[in-house]
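Enquirer: Input sequences plus hints: build the corresponding full structure.
Take this note's numbering: the final residue in the sequence shown is number 114, and no numbers are missing along the way.
Rather than coming from a laboratory, the hints here were simulated on the basis of the structure.
Any given hint could turn out to be false.
If you anchor each label on the Cβ, the simulated ranges turn out as follows [stated by the list, open to error]:
{"hint": "1", "residue 1": "Arg113", "residue 2": "Lys75", "range": "36 to 46 Å"}
{"hint": "2", "residue 1": "Lys75", "residue 2": "Arg27", "range": "15 to 25 Å"}
{"hint": "3", "residue 1": "Arg104", "residue 2": "Arg27", "range": "38 to 48 Å"}
{"hint": "4", "residue 1": "Glu68", "residue 2": "Thr47", "range": "18 to 28 Å"}
{"hint": "5", "residue 1": "Ala112", "residue 2": "Ala44", "range": "12 to 22 Å"}
{"hint": "6", "residue 1": "Glu24", "residue 2": "Glu68", "range": "34 to 44 Å"}
{"hint": "7", "residue 1": "Glu101", "residue 2": "Phe71", "range": "17 to 27 Å"}
{"hint": "8", "residue 1": "Ser20", "residue 2": "Ala102", "range": "35 to 45 Å"}
{"hint": "9", "residue 1": "Ala109", "residue 2": "Pro21", "range": "40 to 50 Å"}
{"hint": "10", "residue 1": "Arg64", "residue 2": "Ser98", "range": "19 to 29 Å"}
{"hint": "11", "residue 1": "Arg27", "residue 2": "Arg113", "range": "45 to 55 Å"}
{"hint": "12", "residue 1": "Arg111", "residue 2": "Arg91", "range": "25 to 35 Å"}
{"hint": "13", "residue 1": "Glu24", "residue 2": "Gly60", "range": "32 to 42 Å"}
All C-beta atoms in this analysis are idealised placements derived from N, C-alpha and C, irrespective of residue type, glycine included.
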Amino acid sequence: RAADGLAAVGAHGWAASPNRELRRLGRRRTRARTGAASGPAALTDRERQVADLVRSGCSNRQIAERLFVSEKTVERILSTVFDKVGVRNRTALASLVEAARASDAAERARR
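Expert: Right, here's the structure in full:
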């Protein structure tokens, strides 16, 4: 709340301070994504790749090997993906990705 209040009054330099303190304490600030895309549309290309591989049933190790990144990187990306799409586990993510694919296919078929 402190960071949001400082940013709202234009004190952007000071607004970073509460976030740094949260990181120092081992906590992560979650931001509300108002006005931004939500769900699978909010994902970057790399996040979408990881989500697709989760849907395919790949483990973190398999994803890391396919994308030439570390398992830690896959964990970080998945954490971001979970936050962006509002799910808590791989099963829910896989279901959401599958539903989004079906919706996209149906939309393309209508055109």
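Enquirer: Failing hints, ascending?
Expert: none
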